[in-house]
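Colleague: Below, each chain spelled out in residue letters.
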Amino acid sequence: MMLIKCPHCGARAVTEFTYGGAAEIARPADPVGVSDAQWTDYVYMRDNPRGVHDEVWQHSAGCRRWIAVRRNTLTHDVIATADPGKLPHR
Amino acid sequence: MCFTIRKGNVSVAVENQRISALAELAVPAIPAVPGRGIVLWQRHPLAMLNLRGPGDRAFRDGVRQVCGCELPSSPNSSNVCEEGEILTLGPNEWLLVADPDTRWSENMKIACATLTDVSHARVVVHVEGEKAREMLAKGCPVDLHAQRFPGGTCIQTSIAKIGVIIHKLHNENDIAIYAARSYAGSLWHWLTASAAEYGYHVVAR
Amino acid sequence: MILQAYRLPQGGFIDRNKPLRFRFNGRDLQGYAGDSLASALIANGVHLVGRSFKYHRPRGIFSAGSEEPNALVQLEADARTEPNMRATQIELYEGLSATSQNCWPAVGMDIGAVNNTLSRLLPAGFYYKTFMWPPSWWMKYEHYIRKASGLGVSAHDPDPDFYEHRHAHCDVLVAGGGPAGLGAALAAARAGARVILADEGFQPGGSLLHETTAIDGMPATAWTRHILAELASLPEVSVLTRSTVFGYFDHNFLTIAETVSPHAPRAPRQRIWKVRAQRVVLATGATERPLVFADNDRPGIMLASAARTYVNRYGVRPGNRAVVFTNNDSAYLAALDLHRSGVSIAATVDPRPQANGEIATQVRAAGIRMLSGQVVVRARGTRHVNAAEIMRYENGRTAGAVERVDCDLLCISGGWSPAVHLFSQSKGRLRYDETLTSFVPAASAQAEQSAGAARGVYALADCISDGYAAGSQAATACGLSPAPPLAEPVVDRPSPGTILPLWRVDTDHTRRAKSFVDLQNDVTTADLALAAREGYVSVEHLKRYTTLGMGTDQGKTSNINGLAILAEINAAQIPAVGTTTFRPPYTPVTLGALAGAEVGPHFDPVRASAMHGWHQQAGARFINAGLWKRPQFYPHPGESLQQTINREVLAVRRRAGLVDVSTLGKIDIKGRDACVFLERVYTNRWRNLAVGKARYGLMLREDGMVFDDGTTTRIAEEHFLMTTTTANAVRVMSTLEYWLQVHWRDLDVRLTSVTEQWAAMALAGPASRKVLARVASADVGDDALPYLGYREMDVAGFPARVFRISFSGELAYEINVPADYGLAVWEALLEAGQSSGITPYGTEAMAVLRIEKGHIAGMELDGRTTPADLGLEKMIAADKDCIGKRSLALPALAAADRKQFVGLVTTDGRSAIPRGAQLVADSGHPLPNPILGHVTSTCHSPTLERPIALALLSRGRERYGEKLYAMSPLTGANMQVEVAHHVFYDPEGKRLRGC
Amino acid sequence: MKYSIFSLVRNALSHHERWPLAWRSPDPKREYDAVIIGGGGHGLATAYYLAREHGIGNVAVLEKGYLGGGNTGRNTTIVRSNYYLNANAHFYEFSLKLWERLSVDLNFNVMFSQRGVLNLAHSYADLESYSRRGNAMRLNGIDAELLDRDEVERMVPLLDCSAEARYPIMGGLLQPRGGTARHDAVAWGYARGADARGVDIIQQCEVTGLRRNGNRIVGVETSRGYIGAKKVGLAVAGHSGQVAAMAGLRLPIETHVLQALVSEPVKPVLDTVVTSGAVHFYVSQSDKGELVLGGDLDMYNSYGQRSNLPPVEHAVQSLVALFPSFGRLRMLRTWGGVMDMSMDGSPIIGKTPIDNLYINCGWCYGGFKATPAAGWCFAHTIAQDRPHALNEAFTLDRYAQGHTLDERGAGPFAWMH
Ligand SMILES: Cc1cc2nc3c(=O)[nH]c(=O)nc-3n(C[C@H](O)[C@H](O)[C@H](O)COP(=O)(O)OP(=O)(O)OC[C@H]3O[C@@H](n4cnc5c(N)ncnc54)[C@H](O)[C@@H]3O)c2cc1C
Ligand SMILES: NC(=O)c1ccc[n+]([C@@H]2O[C@H](COP(=O)([O-])OP(=O)(O)OC[C@H]3O[C@@H](n4cnc5c(N)ncnc54)[C@H](O)[C@@H]3O)[C@@H](O)[C@H]2O)c1
Ligand SMILES: Cc1cc2nc3c(=O)[nH]c(=O)nc-3n(C[C@H](O)[C@H](O)[C@H](O)COP(=O)(O)O)c2cc1C
Ligand SMILES: [Zn+2]
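Residue numbers (this note's numbering), protein chains in the order written: chain A, 62 to 151; chain B, 73 to 277; chain C, 453 to 1447; chain D, 230 to 646.
In short, the hints are calculated from the structure, not lab data. Keep in mind it's a predicted model, so treat the numbers as computed, not measured. Note that CB positions come from ideal geometry on N, CA and C, so glycine has one too. Where hints are given, some of them may not hold.
Said to hold, decoys possible - With a straight-line Cα cutoff of 30 Å, these simulated DSSO-like cross-link-like pairs (lysine-lysine) come out:
#, chain 1, residue 1, chain 2, residue 2
1, D, K496, C, K966
2, C, K1222, C, K966
3, A, K147, C, K1122
4, C, K592, D, K496
5, C, K599, D, K326
Claimed, not checked - What follows is a set of in silico ranges between Cβ atoms, one per label pair, in the way DEER data are often shown:
#, chain 1, residue 1, chain 2, residue 2, range
6, B, S146, C, A674, 49 to 57 Å
7, C, R835, D, R453, 51 to 59 Å
8, C, R821, D, F235, 49 to 57 Å
9, C, E940, B, S146, 46 to 54 Å
10, C, T887, D, P405, 45 to 53 Å
11, C, E1440, D, G370, 42 to 50 Å
12, C, P1439, A, G71, 55 to 63 Å
13, C, G1441, A, I140, 54 to 62 Å
Just need the whole structure built from these sequences, with the hints factored in.
Modeller: Right, dumping it as C-alpha cells:
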C-alpha cells in the first residue's frame, strides 16, 4: 500500500487519497477554436506511460487539497509531490 | 417562544435547545475496572467556524486581534487560548472551535478572511484513558505514538470509512474525535465496539 | 487404550501438568498444553491423518510447521468449523475436535481411493482432453468433478466470532522469532527502536524450541527466555506470537495475521495488523526440502527436522525404528536426537560417497549404521511406511541390488530452502546459490534485509550474530545509534559439511510407481515429465498444467524440487528455469479476519439526518441513498404501498407535505470570483442573478454529458449556496475543488461543504405558505418571498434560510436550519400544519410528484444524456464556455436520432407501465426487436389518476401522439403507450408560482 | 493427436509417454503475412481464426513472456453477455454462442460451465436498472431473468438475505447461460489449434519497436530480432499504450491493476456466479473448489501487477458481508493483472491511422468472455481490412466523433468504468 507525502499533511496511506488522473492535461484555451480531434484528444487520449507519470490526487480524507504526484507506474515509487503545477521539471 | 439577546446570529435561548446527533446514543455500556478502560464523553454544544485566509502576517495579526487567539503556524497543529481552539485543516484553512457563548461568529471581520459557520456540522467525542491510543489504532491509519503525535497535534484521516479530525489535547491521554454529524451513529458504534475489549464508561462533561 | 504411548518419558516444551482431552475422528485422546494437534496425534500413535486431493492416498504428518502439505484436518463442527487446518500449527486446547478430510466413509476405508487405481487415466491435465462429448454433458461431468475436488467443507452458518484490524507503526519490524529474529529484535531494541517482532508459532523461539545445544552456556530454551525477558522489559517492543507476517506490500507496508490468545476476554478471535515499518528484517528461517522417490508420500515419512522437533520440542516419538535419508548433514542431528530419545536408527542413507562433516562423525561414533553413496529408492507400506528400499548411488545413477530395511519412520532431508516468500513479495530479486542449492535474496527492492537462515546463513551462532547485525543496521537506518556490540555467541554446534544436489531418485524398477513432488496436489515426477513432453515447459505453464504448488501450502516443500526436476528434464539450468511468483499470503488467512469488523450491518457507515429518530418513531420505511438512510414512505396501518404513496402525494397536491431533504449536497461558495466560477461550471448564466435569488443550474462532464443539477442561491454579492443531488454530492464537491485547485488557481473562490451543517426540509403544497407563516418571523408572502426568492428569518424561533423553490411543482419552501435544530423545526412545522392537514412524505411520493412534473432525476441522469436529450438545451448560454460545452458539438452528440426525454401514457389509461421497459414499434417483431428507447421512471399518478412514465426515446420529440409498445419481457408485460410531453402536471407552472 | 477419452485410454496404456507437443516452439521466420503481438487469449484466437476462417496461416504470435500469462491467465473467468448497449450486447452474445461450442471446436476442454451469472440488486434503483438491462437483453434475443428476493435466496442459500444487511438483497438479474470457463485452457486450446494450422507461436519474444515505411508498418523489432510483417495486429491488453506508442499513437486507454484472489479449496458451496454492483464484487467457485473473487481496481495507473491490500480487503469484506458463513474460510492467494481500461469502458477493435496496423484493446474487466468473438472479429478486420458488422461500433475514432459506448455512464475517467 503506497505512502504518499501530502505537501500539507505529511506522508499518508494511499487510501486517504482519490486519484484524479494524468496531471494537468492542458485544456484547450479556446475550445471553440480547436478541431473535434484536438478537443477529444484532450478529453480522451492519454500517454499512459510505463514508468514515470505525473498525476493529480486529492487528499480527500485529509486536507482535501489536490496535489501533483510524480510516480513510477511500474515500481510505484513516489518521486515527488507538490502543489498542482509545482512539480519540478523533468 | 422566547427571544433573547442576540449573540452573533443566534440567541442564547435557542442555543440551549440544540439537540446533538448523539443525544440518544450516548449511554453507558460495558463498565470497565474503575480507573482503567476508556472514558468517552461528548463535547456539545460547540461553535465551529471554518476560516480561510492567506495565512500571511497581516491575516495572522487580524486573527489575533479579532479572535484573541494565535493562528497555529505549522501543519497538523492547533492552538488553544482562552476563547477557544484553532485547528489547522490545510493550507490556508482552519477550524475555530469554541463554546457557543464566545464572541466568535461568522460575522467577524478579519481582513481577507472567509468564515463559514459549521457549528452543527460535526459531532465531537473525547476518548480518554491509558488505552485510548491503542483503541484508536484499530481504525486510525496514522501513527498516534506520543513522539509522532504530541499534544496539540490535529490531523484529518478516516476511521472505519468515516472522515475524522483527531485532535490530541495537551493532556496526554485525551483525544478528541470530530466526525460529520450524519455519521454520529456509526462513529459511536465503532467507538464503543473498539473500546469493549478494555471496558468503557460514558460520562457527561 | 494406552494413553500417549508415544510420549517420551521426559523432555519437551510441554506442560505435563496440564493434560488436555481432545477428539480425532471420533476417538477421545489426550495431549498436553504446549502440544500441537500433530504432536498430540503422534503421542497417541495416530499416523493416518487424511487422504490426498486427487488419488485419495493415505497421508500422515509430514512436517512440524506451516509448510505442512498433508496433515490437513477439518477443525470443529457446525458454525465454528474450519476446513484445511494444518494439524502441525493447531495449538492443542481442551475439548478440541477434528476430523480427517476428503475421505468417505472413513479415513481408513475410503471409497475415493479407487482414484488411485484409476490413476493411469488421470494424468496431469486429463480433464482438458476429455469430457467434451456430447457437448451438452459437460455440466453433468462437472457436477461429479466438483464433488470430487475441494478438500474440507465450509460452514453453512454465519461465523459467530468477530475479528478486528489494528494499525501499527514501527522503526523495525522483524518477521520470524528464531535465533536470527531474536537477535535482530534485540539489537534494534537496544538501539532504542520501536520494534515489532512477529512469529507464527504459538511460542516464540523458532528452531530454538527444538534446539538441544547450549548457547552461551545456557540451554537454547533458557537463552531464548532470557532474550525474551529483555525484550519484554523494553516499552517500545512488542513481541507477537501466533502472528504470521503474511503480506509485504508497497512502501514497507506489511500485514500480520494474529490469532489472539484464547485467554484474552472480550478480544476478537483474530486480528490483522497493518504495519508501516521504516525498516524490515526478514528472519523467516528456511524450509527443509523433501527428497523425491517412489511412494514417498506414505504416513511415517517425515522431514528430518520435523522428527527432531517432535522429539525435542514436544517430547513425542514419531516412530520406533527410523531410517534417515539425507543429502546433507543437518539430518544427522535428527538421527542423533532420535537415537538419544530411544528411537532405534536402522540406518542413515546418504548419496554422498562419504559424509564426513563433524556431525556425521558423531553419528558414526554413536554406532549408527551409515550407508554412504546410497539412496532410498522406494518406501514400502500403504497406510504406514514399513520399510525402505535402498540402492547404491554412483555417478548420479542407482545401481546394484535393492536392500530392504524395515522401519516405521523415514526421515528425509533434501537440503534447505530459505523462506524468501516475503522477500519476493517485496519485489526483491533472488539469486541461485550453487553451494547451498537454493535461491537466496540478492537485491532488495525495499527498506529491508534478510537475516539468518532466510538468507542462507545456517550455523546457529552465525544466525544469532547475523540477526543482531541486521537489527543494529536497521536501527541505524532509522537514524538511531547502533546497538552495543554483541559478544560472539558461544555455541557448541559443529559446522555442517557440503550438500550434494539430489532432486529425485529414479530407478527402472520403480518407474511405474508414483514419486510425489507436490504431496498436497498429488503431482508426481511423471506429471512433470508429461507436461514437459507436451510443451508446457515454462515453469509457469508447468505449475498451471500440473497444479504444482497451487495447494493450500503453496508448494513450500515442493516448488524448488519441481523446478529443479523440470530443469533436469529439459537439460536446463535451474536459474534459467526460475521460480514462480511468490504472492501473499504467506500462509492462508481467515477471510473473517481480513474483513475485520466492517461486516454485516457495519459493512459501510450509515448517514442519518437530524430528523432520523423522528422518522423511525413515525414508522417510516427507509431506503439506502448512497450511505444515507432516507424515509421512503410512512405507511399507516392497513394501507397498501400504493395507498400510502397516493395519500402522501395527494396531501402535497391538495394541502401540504413535509419532506426531509437534508441529504442534498450543499456547498458554500465565497470569494471575489464566485460568480465567474459558477459561469464556468454551470451551462447557464449566473452574472445576472440578483442577491436573494435562486436559480436552477446544470453541470456537465467534459464529455458533454449532464453530470448534476440543482439550485444555487446568491446569498450575498460574493456568496452563493449551491445544492447538488444526494447521489453526486461528494463527487461534485471534489470536482469543483479539482477545477479550482488544479486548473483555475487564479480564481479567488473558497468552497466549504455545508451539507452537514444544515438540516433541510421541503414544505410543499397549496397550504404551505399558510403553515410557514404561522412560525416564520418574517413575511413569506409572494411579494416578500416570490418564486425563486430567498430570505433569512427565524422559523419556530430558530434561525433559518428559506428558499422559495419547488421540486414537487406546488407552492413550496425549502427550509434550512442548523442541524441541531432540525428536529425542533420539523416538529414545529408539523404542529403548525396540523390544522392544514400537513403530511410527512418520503422519497417515493417525492418521486411521483417529480414524475408528474416531468423533472429529471437519477434515472434520466444516467451519464449518457446531453442537455438537449433532456430538453434542457435552453439552459446552455450561447456566449460563454463551460465545462463540457465543446463536446456538445461533436457529431454524435448533435445527431438527430438521439434519445430524447418524453412522457408516456398507456392507451388504456389503466395499466401500469412496467419498470425498466423498453420501447419498440412492433411488439411482435422477431428477435432481435429494434429498441427505440426506454422507460426511465414510471408510476401511478394519483393526481391524474392514471399511470404515467418518463422515457428516453429516439427522436422522441417528433413522436408526440405516436403509439409504441413498452415491453418488459422479464415480467411478460407488454403495454401500448402513447408518446406525450414530459410535463404531465401544470405545464405552465402556475401552481409553483402560487397563483 | 485428437484428444478424447479414447486417446486418453490409449495413452494410458503407453504410460502417457507418447503425447505430442501441444504446440511447437519455432524460431521466428524472416517475414509473416500477419504478426500478432500478444500471446493472450485474444492474440491466439485471432491467429486461430485468421488461419481457420480466412486461410491466412503464415502468421506469428509474438509473446513477451509465456503464452496466456497476461490477463488471460489471471482473470476471474466470468463469461456472460448481459450488456445493455446494443453494440455490446450483440458482440458479447455472439461470443457466448462461440463459447457454447468452443471445447468441441478446439478439441480442448475449456470447461465452459453455464452455471448462471446472478447480479444482486440491493435497492429499487438497482432493480429498475437491472429490469431495463434485462428487458433490453431479452429484446436482443439474450436470456435474462429477474429474480425476487426469495428466488435469490433459494438459488444461493448461503447469501445473507436478511433485512439487517447493510445493503439488503432485493432481487437479482440472472443470466442462466452465463458462467465460467477455465482460463488457462482457453489460451492453450487456441494455441494448440492455431499451431495445428501452421501459426508460429513465439514465446519469450518481446516487441520493442514497430518499423515503419511512410504510413505503413513493415515489421517489428523484437528481443529475438527483426521480424517482417505485411500486417500487424496489437492484442497486448494492459500494454496497449506502451506498444501503440512505438507507432506514435496515443490511445484512450489507461493501464490499471485489477486484483483477484482465491480461497482454499472446499467442497461445493456455491453453484452460481454471484456479482454485486453496489459493492463492486464478484465470486464463483471453481471446479477445483476455491472461491474465486475479484473486486475493484487499485484506482491508479499501474503496470505493477503487484498485490495491494485495500482492494483485496474490500472484496473480502463484501464476500463476508454477503456470505457470513464464509468468514472461516481462508484466503490462499492474491494476484493482479494490468488492465487496458478504456475511457468509455467499451473495447476497441479496428483499424488505426496507420495503414496496416490494427488494434484490439480496451477490454477493461470484461475481455476474457470476449476472447472468441474478439479473435473472430479482429481476424476478420485484419484479413479484410474492414471491420466485421459486430465490431463496427468499436472503432478507435469513435471518441473523436462522440460515439462513445459508455455502458456505465461513468464518463471519460478510465478507472471509473
Ligand atoms: C483480476 C482480473 C479479473 C478479470 N475478470 C474477468 C472476468 O471475470 N471476465 C472477463 O470476461 N474478463 C475478465 N478480466 C479481463 C480479461 O482477463 C482480459 O480482458 C482478457 O484476458 C484480455 O485478453 P488479452 O488476450 O487481450 O490480453 P492478455 O491475456 O493480457 O494478453 C496480452 C499479452 O500481450 C503480451 N505483451 C504485452 N506487451 C508485449 C510486447 N511488447 N511484446 C510481446 N508481447 C507483449 C503480454 O505478455 C500478454 O501475454 C479480468 C482481468 C483481471 C486482471
Ligand atoms: N543446514 C543446516 O544445518 C540448517 C539449515 C537451516 C536452518 N538451520 C538452523 O535453523 C536456525 C535458523 O535460524 P533462523 O532464526 O534463521 O530461523 P528459524 O527457523 O529458527 O526461525 C524462523 C522463525 O520464523 C517463523 N516464520 C517464518 N515465516 C514467518 C512469517 N511469514 N511470519 C511469522 N513468522 C514466520 C518461523 O515459524 C520460525 O519460528 C538456526 O538454528 C540454524 O542453525 C540449520
Ligand atoms: C480462476 C483462477 C483460479 C486460481 N486458482 C488458484 C489455486 O487454486 N491455487 C493457486 O495457488 N493459485 C490459483 N490461481 C492463481 C495463480 O496461481 C496465479 O496467481 C495467477 O495465475 C497470476 O499469476 P502470478 O501470480 O504468477 O502473477 C488461480 C488463478 C485464477 C485466474
Ligand atoms: Zn493533505
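Colleague: Next step is simple, just say for each hint if it's right about the structure.
Modeller: Going down the list of hints, with the structure as the test:
no.: 1; hint: K496(D) to K966(C); verdict: holds (26 Å)
no.: 2; hint: K1222(C) to K966(C); verdict: violated (91 Å)
no.: 3; hint: K147(A) to K1122(C); verdict: holds (25 Å)
no.: 4; hint: K592(C) to K496(D); verdict: holds (17 Å)
no.: 5; hint: K599(C) to K326(D); verdict: holds (27 Å)
no.: 6; hint: S146(B) to A674(C): 49 to 57 Å; verdict: holds (51 Å)
no.: 7; hint: R835(C) to R453(D): 51 to 59 Å; verdict: holds (53 Å)
no.: 8; hint: R821(C) to F235(D): 49 to 57 Å; verdict: holds (52 Å)
no.: 9; hint: E940(C) to S146(B): 46 to 54 Å; verdict: holds (48 Å)
no.: 10; hint: T887(C) to P405(D): 45 to 53 Å; verdict: violated (60 Å)
no.: 11; hint: E1440(C) to G370(D): 42 to 50 Å; verdict: holds (45 Å)
no.: 12; hint: P1439(C) to G71(A): 55 to 63 Å; verdict: holds (57 Å)
no.: 13; hint: G1441(C) to I140(A): 54 to 62 Å; verdict: holds (57 Å)
In this structure, the hints that do not hold are numbers 2 and 10, in rising order.
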